[in-house]
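**Student:** Between the sequences and the hints, there should be enough to build the whole structure, so can you do that?
Going line by line, the protein sequences match chains A and B. Every letter in the first sequence is one number past the one before it in the numbering used here, and letter 278, counting from 1, is 278. Every letter in the second sequence is one number past the one before it in the numbering used here, and letter 362, counting from 1, is 362.
Incorrect hints may have been included.
With a straight-line Cα cutoff of 16 Å, these simulated EDC-like cross-link-like pairs (lysine to aspartate or glutamate) come out [as the list claims (entries may be wrong)]:
1) 241/B x 194/A
2) 257/A x 71/A
3) 90/A x 60/B
4) 70/A x 60/B
5) 231/A x 340/B
6) 41/A x 351/B
7) 41/A x 51/A
8) 230/A x 340/B
9) 70/A x 422/B
FYI, nobody ran anything at the bench for these hints, they're computed from the structure. It should be emphasised that the depicted structure is a prediction, and the values quoted were computed from it without experimental measurement.
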Amino acid sequence: MRRTWILLLSAIVLAAGPALARDTVVIYTALEPEQITDYMKAVRRSLPNLDVKMLRLSTGDISARFMAEKDNMQADLIWGVGATNMLVFKNAGLLEPYAPKGFERVQPLFRDAANPPAWVGIDIYMSAFCFNTEVAKRKNLPRPTSWADLTKPVYKNEVVMPNPNSSGTGYLSVASILQRMKEPEGWAYLDALDKNMAEYTKSGSKPCKDAAAGERAIGVSFEYVAMKMKKDGAPLEMIMPAEGSGYEMEANGLTRKGKDSAAAKQFLDWAISDEAMALYAKYFAAVSVPGFPVPEGLPKDVSKVVYPNDFDWSARNRERILAEWQKRYQK
Amino acid sequence: MSRRGRSGASAAIPDAVVGLRTDAEQWLRWALLALYAGFLYAFVLAPMVQVAWRSLLDGEGGFVALANYLRYFRTPAIAASITNSLVVSSAAMVVTVVLAFVYAYALTRVRLPGRGAFRLLAMLPIFAPSLVQGIAFVYVFGNNGVFTRLTGVNIGVYGAKGIVMAEVFYCFPHAMLILVAALSAADARLYDAAATLGASRLRTFRTVTLPSVRYGVMSACFVVFTLVITDFGIPKVIGGKYSVMATEIYNQVIGQQNFTMGATVSVVLLVPALLAFLVDRLVQRRQYALVTSAARPLVPGGGGAARWALLVYCTAVAAAVVGIYAVIVTSSLVARWPYDFSPTLRHYTFDTIGGYTPLLNSVEVAALTAVAGTLITFGGAYLVERCRSPFNGALYMLSILPVSIPGMVLGLAYIFTFNAPDSPLNRLYGTLAILVVSNVVHYFTVPFLTATTALKQMDPEFESVGASMGVRFYRTVWRVTVPIALPAIVGIGMYFFLNAMVTLSAVVFLVAPGTELAAVAVLLLDDAGETAQATAMSVLIILIGLGVRTAHAVALRGVTRRTQAWRTGPSGPPARG
Numbered sequence: 001m002r003r004t005w006i007l008l009l010s011a012i013v014l015a016a017g018p019a020l021a022r023d024t025v026v027i028y029t030a031l032e033p034e035q036i037t038d039y040m041k042a043v044r045r046s047l048p049n050l051d052v053k054m055l056r057l058s059t060g061d062i063s064a065r066f067m068a069e070k071d072n073m074q075a076d077l078i079w080g081v082g083a084t085n086m087l088v089f090k091n092a093g094l095l096e097p098y099a100p101k102g103f104e105r106v107q108p109l110f111r112d113a114a115n116p117p118a119w120v121g122i123d124i125y126m127s128a129f130c131f132n133t134e135v136a137k138r139k140n141l142p143r144p145t146s147w148a149d150l151t152k153p154v155y156k157n158e159v160v161m162p163n164p165n166s167s168g169t170g171y172l173s174v175a176s177i178l179q180r181m182k183e184p185e186g187w188a189y190l191d192a193l194d195k196n197m198a199e200y201t202k203s204g205s206k207p208c209k210d211a212a213a214g215e216r217a218i219g220v221s222f223e224y225v226a227m228k229m230k231k232d233g234a235p236l237e238m239i240m241p242a243e244g245s246g247y248e249m250e251a252n253g254l255t256r257k258g259k260d261s262a263a264a265k266q267f268l269d270w271a272i273s274d275e276a277m278a279l280y281a282k283y284f285a286a287v288s289v290p291g292f293p294v295p296e297g298l299p300k301d302v303s304k305v306v307y308p309n310d311f312d313w314s315a316r317n318r319e320r321i322l323a324e325w326q327k328r329y330q331k
Numbered sequence: 001m002s003r004r005g006r007s008g009a010s011a012a013i014p015d016a017v018v019g020l021r022t023d024a025e026q027w028l029r030w031a032l033l034a035l036y037a038g039f040l041y042a043f044v045l046a047p048m049v050q051v052a053w054r055s056l057l058d059g060e061g062g063f064v065a066l067a068n069y070l071r072y073f074r075t076p077a078i079a080a081s082i083t084n085s086l087v088v089s090s091a092a093m094v095v096t097v098v099l100a101f102v103y104a105y106a107l108t109r110v111r112l113p114g115r116g117a118f119r120l121l122a123m124l125p126i127f128a129p130s131l132v133q134g135i136a137f138v139y140v141f142g143n144n145g146v147f148t149r150l151t152g153v154n155i156g157v158y159g160a161k162g163i164v165m166a167e168v169f170y171c172f173p174h175a176m177l178i179l180v181a182a183l184s185a186a187d188a189r190l191y192d193a194a195a196t197l198g199a200s201r202l203r204t205f206r207t208v209t210l211p212s213v214r215y216g217v218m219s220a221c222f223v224v225f226t227l228v229i230t231d232f233g234i235p236k237v238i239g240g241k242y243s244v245m246a247t248e249i250y251n252q253v254i255g256q257q258n259f260t261m262g263a264t265v266s267v268v269l270l271v272p273a274l275l276a277f278l279v280d281r282l283v284q285r286r287q288y289a290l291v292t293s294a295a296r297p298l299v300p301g302g303g304g305a306a307r308w309a310l311l312v313y314c315t316a317v318a319a320a321v322v323g324i325y326a327v328i329v330t331s332s333l334v335a336r337w338p339y340d341f342s343p344t345l346r347h348y349t350f351d352t353i354g355g356y357t358p359l360l361n362s363v364e365v366a367a368l369t370a371v372a373g374t375l376i377t378f379g380g381a382y383l384v385e386r387c388r389s390p391f392n393g394a395l396y397m398l399s400i401l402p403v404s405i406p407g408m409v410l411g412l413a414y415i416f417t418f419n420a421p422d423s424p425l426n427r428l429y430g431t432l433a434i435l436v437v438s439n440v441v442h443y444f445t446v447p448f449l450t451a452t453t454a455l456k457q458m459d460p461e462f463e464s465v466g467a468s469m470g471v472r473f474y475r476t477v478w479r480v481t482v483p484i485a486l487p488a489i490v491g492i493g494m495y496f497f498l499n500a501m502v503t504l505s506a507v508v509f510l511v512a513p514g515t516e517l518a519a520v521a522v523l524l525l526d527d528a529g530e531t532a533q534a535t536a537m538s539v540l541i542i543l544i545g546l547g548v549r550t551a552h553a554v555a556l557r558g559v560t561r562r563t564q565a566w567r568t569g570p571s572g573p574p575a576r577g
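**Tutor:** Dropping the structure here:
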């Protein structure tokens, strides 16, 4: 027993040591590991004085972690977490408004309306259908082109989408459908869609991964995952629905704990700089500052394919919509 | 006992001296017991009280009494998830315990060729993160799985059937570990008596074997049931539309950051576990010591036809395990399962997650968990079992409570408890130490029960003899109890090590920058769509597990042979008293 305590104590001492280093900044992020590796090379070059300590988890995990720590915050700033979650943080009073240098370049749609803003968006990704052409051929399924197509009986048990109760992206799809079709009609559409739904997955990227593995024919997911799976060699086609895609945005914000941290502010300034935007633009359909090239295979003008998303409306109505959704579709 | 010479030589030694020593010894026992109670309080009870308290608050921290519970039970979808949870947990429990019992019986009571290999293969399911096993199940039985495509039969893996299958696979080693411990201890005299009285094999099995392992079977049932009811990893991957309580917690906590509802569901989830605990206590009361000091160990018999049947059975089980693992290994070595089978090693570079650092962190945490966990569980089991005190019932209960805490809830509870600004233990937060503690607690129950089973089967007379000879209790423990229980202790250490390598649900809330773990990397990679890299990382985790397991077995072979000679050797036990 005593040996255990010695072990524990030495572990504490070992772990507490590096915390004394200067210019340390603790970052919580949900960006993909692949992108972070790329971005961090630039960070080390441009911000050599920073000692970046980063925790990277999925959007849901990192959000739960950040919210659970609110009485004794660990993170100085949030980098690249879904806007829906940033709104929740803001409403819980966990964010410290801060206007990073050059934030006026960010399109107003992609930042918090308040000045100074609590959060500033960096990238946008859109709903897209992942369509497995191999499964389609085997089962003789036509190529869907619109949200309306997905309710056709031919797709029975072939469609998957994320569960809005467990996935922020899932909620965003539902919210954007309700915004576009207005409420009674929107629910009628979701009822019809439910008849074809094989499963509501827990995570937002899973539907596309299931389609890529040939487990399902159609996964309602996001363009970023679709492109990636395709690049990896899955027999996938990415389809942008004709009615317009819902979209989600990833955003940055200063936390209450990072309020007085010059290092955190320095990082947030960099995170919307032209250098950073050029890097984000390698991966996303659109970045929040206009004028950066769009990656191969994605629509040139995002504003033509997205349906405007009212993030505030989505946040305000969340509890009501989720309760209604559960009542209808969770058996 | 050279020291005894002094007091032994003189009959005039005052009673007070002996009394003083017993007193000192008693104080030491109580001090250790208090230390153990302190550990359970700080790392099990206090965090759980936090959770229970939160279930009575609303989102803003206002007291709402039972409002959350009312809301919970009034949601119709939720009632279904309770029934669903009970159904899959009971089904998985029955199937697992029956399968594992036959397997453990074959390993311990029949002279089976290759017993070591069979034992190792059956342990494999705790060598890899359950997430990856879920993926492997889909790769085999999914709509586009190998089995489905080769046979044209789609068994419908998404749903209750798939959950039960994958849970049986995942829980098998847990049940087997307990049952092997239970079946290892047997008194040959009972079997001789049965044979002399002309009892048939079946009757002997029913009247001697079964009653003697009743406690082990009950423990195995209890552990499997609670493991299944609290697991969300498998339902998440292959649950399909079938919703269970654990995934409901996931929806609340991860999906909506609604900790109060998450806490509410967690508390409800403790109810079946508490009921199981009560049943367990009732059965346990009737258990008796199997290895009395006069016991003679049972030598595994030949078994005739039964032996062949059991060999076929064990081979089938082992083959199923190996099959799933072959799929995991293969998928990590090909470009893209199931569409591009060209071999590649590129999934092993891990260039996006900082290379191999998480793996090294995991090994460190797992090793510390194994050492700390073994000391605490075995010590705790000994104290609870052998040092009578009015609090033992409560300590026992707290010791087996952890299995019914879903990992996610434990992780969250640790944040609430140890990240509080005024907590004296908040220096632990963000360190490797808290990962070690959370692993020890998360996997506490099975080792504790294993140790208790081992101790219960050992006659307390060993200690009485030691005490009457004036040997201090810790010497008896070190010289007699520990050597006799060594196989169980070795098993406990390995169990902690392996589980600490693969566990995810609790540590995902406790990893900090600089303490990244391999299993968390698996989750991240899978989440990012890098499934092949996730399986590659799992393959490395499995290899480390196998390496450590092998090294351990080799190093301990000599020691085991020496300390366990009494179990199999013709010389019999040291028949003192």
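**Student:** Confirm or reject each hint.
**Tutor:** Each hint, compared with the structure:
Under the criterion of a C-alpha separation no larger than 16 Å, the hint pairing residue 241/B with residue 194/A is consistent with the structure, at around 11 Å. With a C-alpha separation of about 10 Å, the suggested pair residue 257/A and residue 71/A falls inside the 16 Å cut-off, and the hint holds. Distance check on the hinted pair: residue 90/A and residue 60/B sit about 14 Å apart at the alpha-carbon level, within 16 Å; holds. A distance of roughly 12 Å separates the Cα atoms of residue 70/A and residue 60/B; the hinted pair therefore holds under the 16 Å criterion.
With a C-alpha separation of about 13 Å, the suggested pair residue 231/A and residue 340/B falls inside the 16 Å cut-off, and the hint holds. Using a Cα cut-off of 16 Å, the hinted pair residue 41/A and residue 351/B holds, with the two alpha carbons roughly 13 Å apart. A hinted pair counts as satisfied when its Cα atoms are at most 16 Å apart, and residue 41/A with residue 51/A qualifies at roughly 13 Å. Restraint check for residue 230/A and residue 340/B: satisfied, since their Cα atoms lie roughly 12 Å apart, inside the 16 Å limit.
Distance hint between residue 70/A and residue 422/B is fulfilled; the C-alpha atoms sit about 14 Å from each other, no more than 16 Å.
Hint compliance for this structure: no hint is broken.
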